[in-house]
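Make the full structure from the sequences, and use the hints.
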Amino acid sequence: MTTAYDELLEASIVIDAPISQVWSLIEDPRRLADWSPQVESVRLRDGFERIGPGAELTHLNREGELTWTTHSTIVRFEPERELAFRITENRVVWSFELTPTAAGGTQVVQQRRTPDGISDYSLDLTENYLGGQNAFSRLLRDGMRQTLDRIKDAAERSST
0 MTTAYDELLE ASIVIDAPIS QVWSLIEDPR RLADWSPQVE SVRLRDGFER IGPGAELTHL
60 NREGELTWTT HSTIVRFEPE RELAFRITEN RVVWSFELTP TAAGGTQVVQ QRRTPDGISD
120 YSLDLTENYL GGQNAFSRLL RDGMRQTLDR IKDAAERSST
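Reading the sequence shown from the start, the letters are residues 0 to 159 in numbering that gives the first Met the number 0.
Think of the hints as simulated: they come from the structure by calculation, not from any bench.
All values derive from a computational prediction rather than experimental measurement.
Quick reminder that beta carbons are idealized off the backbone N, C-alpha and C, glycines included.
Please note that a few of the clues may not be correct.
[To be verified] Label pairs and their calculated CB-CB ranges:
{"no.": "1", "residue 1": "E88", "residue 2": "R29", "range": "13 to 23 Å"}
{"no.": "2", "residue 1": "E126", "residue 2": "E77", "range": "16 to 26 Å"}
{"no.": "3", "residue 1": "T87", "residue 2": "G63", "range": "18 to 28 Å"}
{"no.": "4", "residue 1": "A102", "residue 2": "G53", "range": "31 to 41 Å"}
Next up, the structure:
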């Protein structure tokens with residue numbers, strides 16, 4: 000069952016590096032473990048050999064002592080523009096959008112959308128193990144900020 004829970008979490012950052020360089024850090028969701036404080040690992044599921052539209056992934060996440068596995072499908076993949084994947088268990092869509100800036104840099108917007116609500120199962124787990132939806136949303140916002148800061152650091156370090 001799905002609950003009509005609608006929430007948009009968003010964070011953005013401007014990176015002083017060309018869009019091609021920033022895209023090279025974001026285009027493969029398996030690199031999320033390098034950037035996100037919550038993602039332990041991401042791997043392609045059996046039967047998939049490369050990242051692209053329709054590719055399926057398995058994610059291992061951690062918060063404190065709690066670990067959990069989710070699965071996703073890449074729903075949008077436009078090189079140097081957008082990567083988005085939908086989590087099977089809760090129907091959430093995570094995305095990164097890249098836009099060139101006038102100064103030759105890149106603006107990156109990370110979003111977590113709930114276009115189809117969130118599964119009751121996921122909401123129940125959030126309430127019982129992750130401090131409730133409001134606390135978990137704050138944690139995710141902080142994690143998004145850390146993720147973007149880490150991507151910025153890596154991109155700007157390699158562009159010098």
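* Does the hinted range 13 to 23 Å hold for E88 and R29 at CB? -> 19 Å, holds
* Is the hinted range of 16 to 26 Å satisfied by the C-beta distance from E126 to E77? -> Roughly 36 Å apart at Cβ, these two residues miss the hinted range, so it is violated.
* Asked: Between A102 and G53, does the C-beta distance stay in 31 to 41 Å?
  -> Taking Cβ atoms as reference, A102 and G53 lie about 35 Å apart, which means the hint holds.
* Asked: Measuring from beta carbon to beta carbon, are T87 and G63 in 18 to 28 Å?
  -> Distance hint for T87, G63 holds at roughly 24 Å.
Checked against the numbered hints given earlier, the structure breaks only hint 2 and satisfies all the rest.
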